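Engineer: Here's the letter readout for the chains.
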Amino acid sequence: QQPVQSPQAVILREGEDAVINCSSSKALYSVHWYRQKHGEAPVFLMILLKGGEQKGHEKISASFNEKKQQSSLYLTASQLSYSGTYFCGTERGNNDMRFGAGTRLTVKP
Amino acid sequence: EPEVTQTPSHQVTQMGQEVILRCVPISNHLYFYWYRQILGQKVEFLVSFYNNEISEKSEIFDDQFSVERPDGSNFTLKIRSTKLEDSAMYFCASSEGWGTAKSGANVLTFGAGSRLTVL
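In order, the protein sequences belong to chains A and B.
Taking my numbering, the leading residue of the first sequence gets 1, the next gets one more, and so forth.
Taking my numbering, the leading residue of the second sequence gets 1, the next gets one more, and so forth.
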């Protein structure tokens, strides 16, 4: 029931781009993306709903392929503040959120 | 901005002791959750709670765990007899739930977490 994320870790230089993938074996109603800074709680970034469109937040955007039950998070022109662990959360319309194992993103100057 | 409040922020206990972690969800939220994160690892679902009963629970949430909403504002997680492997950060979250949220989406708001250390 838990989504699968890849890659496990990414190291970038400032200004570089990254893609984080999330997939599920179950039919999904929505995909959520959260970012967790070290020692802090996860913070909501965006949600993609079934039948919805691609979303964006600053230079972070995401897509949701309903047929493949996959979502991708795109980080463009990364900034130091983007460092953290990114979790995708998936839901099947029953208010029950399960998270992937996380992708640790490190942005270096 | 409304927030989810958790207490204590850190608790140290001896193996076999009972622990109660407390959470005050956002006041108009209807769904409540507990998640666990062992240091450096993934955020694991424990339980979801709606309308004063458990709606879903994971295989981690065994008989040692229980949840309660004793007074309409607090949401507690009790671990009856702690084990070393219960050491983790425990996050409470709440949401409006599908169908009631203005945005139409079930966005979770997390508390800052309670770090449990079992010795």
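Be aware that one or more of the hints could be misleading.
[To be verified] Okay, derived cross-link-like pairs now, SDA-like style, lysine to any residue, Cα gap no bigger than 25 Å in a straight line:
#1 A:K37 / B:A88
#2 A:K68 / B:D62
#3 A:K37 / B:Q41
#4 B:K78 / A:G39
#5 A:K50 / B:E44
#6 A:K50 / B:A112
#7 A:K37 / B:R22
#8 A:K26 / B:K78
#9 B:K78 / A:L80
#10 B:K57 / A:P109
#11 A:K50 / A:R98
#12 A:K68 / A:D17
#13 A:K59 / A:D17
#14 A:K26 / A:S81
#15 A:K37 / B:A112
#16 A:K59 / A:L49
#17 B:K42 / A:Q79
#18 B:K57 / A:R98
#19 A:K59 / A:R35
#20 A:K108 / A:Q70
#21 A:K26 / A:Q70
#22 B:K42 / B:P70
#23 A:K108 / B:L39
#24 B:K42 / A:L80
[Unchecked claim] Reference excerpt, derived from the structure (chain A facing chain B, CB under 8 Å, subset only):
#25 L80
#26 G84
#27 F87
If you are wondering where the hints come from, they were derived from the structure by calculation, not from laboratory data.
Model, not experiment: these values are computed from the prediction.
Think of the CB as a built atom: it goes at the ideal place given N, C-alpha and C, for glycine as much as any other residue.
Engineer: With reference to the structure, classify each hint as holding or not holding.
Structural biologist: Verification of the hints:
The hinted pair formed by K37 (chain A) and A88 (chain B) meets the criterion: a straight-line CA distance of about 16 Å does not exceed 25 Å. Distance hint between K68 (chain A) and D62 (chain B) is unfulfilled; the C-alpha atoms sit about 33 Å from each other, more than 25 Å. About 13 Å separates the Cα atoms of K37 (chain A) and Q41 (chain B), which keeps this hinted pair within 25 Å; it holds. With a C-alpha separation of about 23 Å, the suggested pairing of K78 (chain B) with G39 (chain A) holds against the 25 Å cut-off.
Of the supplied pair hints, the one linking K50 (chain A) and E44 (chain B) holds, its CA atoms being roughly 24 Å apart against a limit of 25 Å. Taking the CA atoms of K50 (chain A) and A112 (chain B), the gap is about 30 Å. The hint is violated against a cut of 25 Å. With a C-alpha separation of about 23 Å, the suggested pair K37 (chain A) and R22 (chain B) falls inside the 25 Å cut-off, and the hint holds. Taking the CA atoms of K26 (chain A) and K78 (chain B), the gap is about 31 Å. The hint is violated against a cut of 25 Å.
Proposed proximity of K78 (chain B) and L80 (chain A) is contradicted: the alpha carbons are some 39 Å apart, above 25 Å. For the proposed pair K57 (chain B) and P109 (chain A), the alpha carbon gap of about 42 Å is over 25 Å, so the pair is violated. About 16 Å separates the Cα atoms of K50 (chain A) and R98 (chain A), which keeps this hinted pair within 25 Å; it holds. For the proposed pair K68 (chain A) and D17 (chain A), the alpha carbon gap of about 23 Å is at most 25 Å, so the pair holds.
Of the supplied pair hints, the one linking K59 (chain A) and D17 (chain A) holds, its CA atoms being roughly 10 Å apart against a limit of 25 Å. Between K26 (chain A) and S81 (chain A) the alpha-carbon distance is near 33 Å, which puts this suggested pair outside the 25 Å criterion. The hinted pair formed by K37 (chain A) and A112 (chain B) meets the criterion: a straight-line CA distance of about 11 Å does not exceed 25 Å. At roughly 20 Å between alpha-carbon atoms, K59 (chain A) and L49 (chain A) fall within 25 Å of each other, so this suggested pair holds.
The suggested pairing of K42 (chain B) with Q79 (chain A) holds, with an alpha-carbon distance near 24 Å, which does not exceed 25 Å. The straight-line distance between the Cα atoms of K57 (chain B) and R98 (chain A) is roughly 11 Å, inside the 25 Å bound, and the hint therefore holds. For the suggested pair K59 (chain A) and R35 (chain A), the alpha carbons sit about 14 Å apart, so the restraint of at most 25 Å is met. As the CA atoms of K108 (chain A) and Q70 (chain A) are separated by approximately 28 Å, the hinted pair breaks the 25 Å bound.
With a CA separation close to 10 Å, the supplied pair K26 (chain A) and Q70 (chain A) stays within the 25 Å bound. Of the supplied pair hints, the one linking K42 (chain B) and P70 (chain B) is violated, its CA atoms being roughly 29 Å apart against a limit of 25 Å. Of the pairs offered as hints, the one joining K108 (chain A) and L39 (chain B) holds, with about 23 Å between alpha carbons and a cut-off of 25 Å not exceeded. As the CA atoms of K42 (chain B) and L80 (chain A) are separated by approximately 22 Å, the hinted pair is consistent with the 25 Å bound.
For L80 (chain A), the shortest C-beta to C-beta distance to chain B is roughly 21 Å, which exceeds 8 Å, and the interface hint is violated. Restraint check, G84 (chain A) versus chain B: the minimum CB separation of about 13 Å is more than 8 Å; hint violated. A distance limit of 8 Å between C-beta atoms decides the matter here; for F87 (chain A) the minimum to chain B is near 6 Å, and the interface restraint holds.
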